[in-house]
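S.K.: For the protein sequence lines, the chains are A and B, in the order given.
Position 96 of the first sequence, counting from 1, maps to 96 under the numbering used here, and the rest follow consecutively.
Position 268 of the second sequence, counting from 1, maps to 462 under the numbering used here, and the rest follow consecutively.
No lab work stands behind these hints, which were simulated from the structure alone.
Note that beta-carbon positions come from the ideal geometry of N, C-alpha and C, so glycine has one too.
A hint or two may mislead.
Result set (DSBU-like, lysine-lysine): computed pairs, CA atoms no more than 30 Å apart in a straight line [stated by the list, open to error]:
1) 356/B / 188/A
2) 74/A / 356/B
3) 66/A / 219/B
Which stretches of chain B does chain A cover? Using the computed rule of at least three CB atoms under 8 Å from a CB of chain A, they are [to be verified]:
4) 244 to 252
5) 257 to 269
6) 372 to 379
7) 468 to 479
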Amino acid sequence: MASHRITFPASEADIRELRAGDEVVVDGHIVGIRDRTQIRIFDQGVPPPLDLSGALLLHTAPNVRKVGEGRYEKICIGTTTSARMVRFTEPLGAQYGVRAICGKGGLPDEAIEPMRRLGMVYLAIVGGAAALETTQIEEIEEVAWEELMPECLWKFRVRDFGPLTVGIDSHGSSLYHDVQEQAQERLKEILARI
Amino acid sequence: MSVVDVDLAGAVEGAAAHLYVWSLKDIPQDLRDALADASERETSVTGRRVLSTILRNVEVADTERNLVCQDTGIAVYTCRVGERFPLHPARIYEALKAGTERATLEHPLRSNAVHTITRENTGPNTGHRLPIVHWEFVPDWDGLDVKCVPKGSGSENMSFLKMCVPADGVRGIKQFVLESIVGAGGKPCPPGIVGVGIGGSADYAMYLAKEAIARPIGTRNPDRHVAQLEDELFELLNETGIGPMGLGGDVTVLQCHVEHADTHMTLNPVAVNYQCWAARRATAHVSASGDVEYDREA
Ligand code: SF4
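For reference, chain A alone in the conformation it holds in the complex:
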């Protein structure tokens, strides 16, 4: 299992290097997004005012303090469960060129095929480790759709963001799928003996 350092926005070639289980540390810019943000983009058909090509999206609803017109300071920024938002994976890649999604708990198997086809990855963060995550976010540079607070579109500048684990790669491999398959096998074996 290799270790990588990637600056986002990233290219398809950067993403294709990554294999399930690899460690990734991120620098550059990432975009915070959540349920309501994506419902607005896709169900209500409103194009996002931030450029998402090559982006790493973070599933988050941050705790912030308002310090001026459209300006916010971080208090505590963590990550939410991704599975609820799986249906947006394919259109995010196909329509907006998103390269990576970072969240916790993984995406169901329906994300594997579009990620392979479009050259995307799912990066698993340690859920709940928000104190650390907050120190790795240097600044909130931009906020769009403030009326959806806290489910706005957030542009964060990050340094040493991670460590993240490649949960689903762009070659058809998913740790979540493999772990679940193996656990189901073990469960059968346990149930046969108890």
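Got chain A sorted already, so can you dock chain B with the ligand onto it with the hints?
M.R.: This is chain B with the ligand only, laid out in the frame that chain A set:
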């Protein structure tokens, strides 16, 4: 009399406000030890990466005085009220609610409370029947213990109830717990505490499961049959290989706690309530004269 009432209500409110914030920032020692042990015994690369990140995060929360996890949850309190404690539970509830609001506004904390149908925010982590309070009444005592257990949604969403039939026996209980935790995968931020409630009725089984997650790690159920089930489930759950954050590994749960109530001869309910690795809790002991002593370990 009324002077004492006012002071006590203030003491309980202050205690609730302090507990809510404190529990979110400073996790108990038994949990810190359990996480450190887990990190020692984990052998998978991804699992070790997750656990060392969790330990680093706990340290950063200490030094930065920040929240361990961003999800401030719903505030759940467990109250043990002595029969001679001079403030009536109706007033204790009001004080807990006021304290929850104060903590949320003063810190400030993210408010998660919404109306279940309109999804509009209902207040600073309060609303109709929020916060949630579990009550226990203790004879021959004049004190009050308040334990605050903020409950995040990632783990609360992984709650399961099954009305097993008596013929399913204990095996049915074990099977349901195992299937629930395997099905939950990485979503509830494992490794955490699996709370299991058995017996009673459907609602009471889930209530007991929530009681179970609030127990310190290392405590065992005093009933030896139940304690044996705790041990067995702990072993079996860790054999599933779900691992830290569901990325595979040896440590799927830090502990399994079971609480039970006797039940009807044709009932065999089993409820599972998951508590994530950020198993936050903090307690205040309030005396009849309004002195408050804080206790991270209870
Ligand atoms: S499940 Fe627990 S650790 Fe994970 S994000 Fe929610 S509250 Fe935090």
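S.K.: For every hint, state whether the structure bears it out.
M.R.: Hints, one by one, checked against the model:
1. 356/B / 188/A: At roughly 19 Å apart (the allowed maximum being 30 Å), residue 188/A and residue 356/B satisfy the hint.
2. 74/A / 356/B: violated (42 Å)
3. 66/A / 219/B: The hint holds at about 22 Å.
4. 244 to 252: holds (count 6)
5. 257 to 269: holds (count 8)
6. 372 to 379: holds (count 4)
7. 468 to 479: holds (count 3)
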